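K.L.:
The residues making up each chain are set out below.
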Amino acid sequence: MTALALPTRKDEAWRYSDLEAVAAIWPTPAPTRIDVAEGDSVRHHLLQDAGDGAAAVHDYVITIADGARCDFHVLNIGGKLGRVTFTVTIGSNAHFELNGAIIGGGDQVLEIITSVTHAKPDSTSGQTIRSILGQRATGSYLGSINVARDAQRTDAFQSIKAMLLDRTATANAKPELEIFADDVKCAHGATVGELDKQALFYMASRGMDPATAKTLLLKAFVAGVFDDVADEAVKDGLEAAALARLEALV
Amino acid sequence: MLTIDNLTNEIDGKAILKGLSLTINAGEIHAIMGPNGAGKSTLAYTLGGRPNYEVTGGSATFEGADLFDMDPHERAAAGLFLGFQYPVEIPGVSNLQFLRESLNSQRRARGEKELNGGEFIKLAKEKAGLLGLDMEMLKRPVNVGFSGGEKKRAEMVQMGILDPKLAILDETDSGLDIDALKIVGSGINAIMRKPDKAVLLITHYQRLLDYVKPDFVHVLAAGRIVKSGGPELALELEREGYAEVLGAEVVA
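Line by line, the protein sequences give chains A and B.
For the first sequence, this note's numbering begins at 1 and goes up steadily by one.
For the second sequence, this note's numbering begins at 1 and goes up steadily by one.
Warning: the hint list may mix true and false statements.
What the hints assert, rightly or not - Pairwise CB distance ranges (calculated):
{"#": "1", "chain 1": "B", "residue 1": "Y205", "chain 2": "A", "residue 2": "A187", "range": "46 to 52 Å"}
{"#": "2", "chain 1": "B", "residue 1": "G132", "chain 2": "A", "residue 2": "E97", "range": "29 to 35 Å"}
{"#": "3", "chain 1": "B", "residue 1": "G27", "chain 2": "A", "residue 2": "V234", "range": "54 to 60 Å"}
{"#": "4", "chain 1": "B", "residue 1": "R108", "chain 2": "A", "residue 2": "G189", "range": "34 to 40 Å"}
{"#": "5", "chain 1": "B", "residue 1": "E244", "chain 2": "A", "residue 2": "Q198", "range": "34 to 40 Å"}
{"#": "6", "chain 1": "A", "residue 1": "T32", "chain 2": "B", "residue 2": "S174", "range": "55 to 61 Å"}
{"#": "7", "chain 1": "B", "residue 1": "G175", "chain 2": "A", "residue 2": "R9", "range": "52 to 58 Å"}
{"#": "8", "chain 1": "B", "residue 1": "A65", "chain 2": "A", "residue 2": "E232", "range": "45 to 51 Å"}
{"#": "9", "chain 1": "B", "residue 1": "R108", "chain 2": "A", "residue 2": "E194", "range": "54 to 60 Å"}
Hints were generated in silico from the structure; no laboratory data involved.
On a predicted model such as this, the values are computed, not experimentally measured, just so you know.
Every residue, glycine too, gets a C-beta built ideally from N, C-alpha and C.
With the rest of the complex left out, here is chain A (with noise of 0.2 Å):
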């Protein structure tokens, strides 16, 4: 995704960033390429988190050859700017597998941006995206897929759904499709909500403070995004990381 120029708004992949923290360290580094060869199977993981102030951008672009299959697993939580893309083509009978989460807090920019094509026949995906903002951070899941005019019985869907801690907290969510073939699934749903208040009461009245009753709401809310990690270590990392952002922010 290295371009020469400067992203502008715009440019609809770059509309809700932080072109400041982009411009800073422009250009970015190259995409990190996968290629999953025919009949593979391949596991991958981020762990995005920058330090305080800093600005990270990082790109995939992955090719699955026919019969492979990869599944990446991405939590975006460090950093002025996070910033993960994937751009991913899938052959027959492949798939391909994003779970993330997203949690800010600050003035945070934190972004997941996917485009997928379905190149040929037979081929499945699916994005699973939960996302907890608070105080003024801005959180956005912008995904396209593209299914080839061939691609018949593509089976694809996103399942995207924010958590907003404050009100000037801010999520996207922005599913785009560009269907060419006739005999396809494609799903996606997208809501933004924020903390079950009567749920919170019904924990309070049983003596729960109001932090441990958030963090456990917060931690239900994004349960099952790393359940299938399949290195114990690297889940149990993700997981780690993950919470220590949800007590800080709670």
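With chain A fixed as given, assemble chain B onto it according to the hints.
P.N.:
Leaving out everything else, chain B in the frame of chain A:
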């Protein structure tokens, strides 16, 4: 244990309680009955500290402390338990997790040692057994997919585990069939019928009072206690109706 004096409150600017006074001593079980819209649930929620239930006058003193000076979770730590007419569902949080965090929050607030996993499970098993609730139910998310009766039984298991000094039970009998009513009734007796504890039962019907025998019965109408008596008052109300016992103008 609890002294309520001339309590008035408002919900969204509308006055509900209009000078309610009531004293509950340790070892006593009180029942509050009353027509729909009298303010029974409002009383329970106001004592529990539900947001938007604004106290506009009067006082409530619990074990010598000003109840309205405490946040809802502090009231619970001080020994108050509120049984909900409609227990809230919390997807993704198991009953065991919910109760362990609640109990340990209370214990931290009181400067007591927290229970570890093993100690807590032992306690939960004992209390679930008392109410005939399968431990498997406690592994499921709080109230999610529970029937009306299961929710009320789970509430009583919560009460058993948290071991409060005063339980305010808001229509705990609603939605229960006869068998469940018996189980819940004997659960209340086993957990709360003790010299150092007290119960305030809010109910529409006499039938719960067959199982949990009250020492005092009060009638709440139009935001005030308008009549108090012994257990015979509940029977009289059941037989004659509120209008007959209180006079039509009081009920209206």
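K.L.:
Run every hint past the structure and note whether it holds.
P.N.:
Here is how each hint holds up against the structure:
1. B:Y205 x A:A187: 46 to 52 Å: holds (48 Å)
2. B:G132 x A:E97: 29 to 35 Å: Hint violated: Cβ distance 43 Å, outside 29 to 35 Å.
3. B:G27 x A:V234: 54 to 60 Å: Holds - the Cβ-Cβ distance for G27 (chain B) and V234 (chain A), about 57 Å, lies within 54 to 60 Å.
4. B:R108 x A:G189: 34 to 40 Å: Holds - the Cβ-Cβ distance for R108 (chain B) and G189 (chain A), about 39 Å, lies within 34 to 40 Å.
5. B:E244 x A:Q198: 34 to 40 Å: holds (37 Å)
6. A:T32 x B:S174: 55 to 61 Å: holds (59 Å)
7. B:G175 x A:R9: 52 to 58 Å: holds (55 Å)
8. B:A65 x A:E232: 45 to 51 Å: Distance hint for A65 (chain B), E232 (chain A) holds at roughly 48 Å.
9. B:R108 x A:E194: 54 to 60 Å: violated (27 Å)
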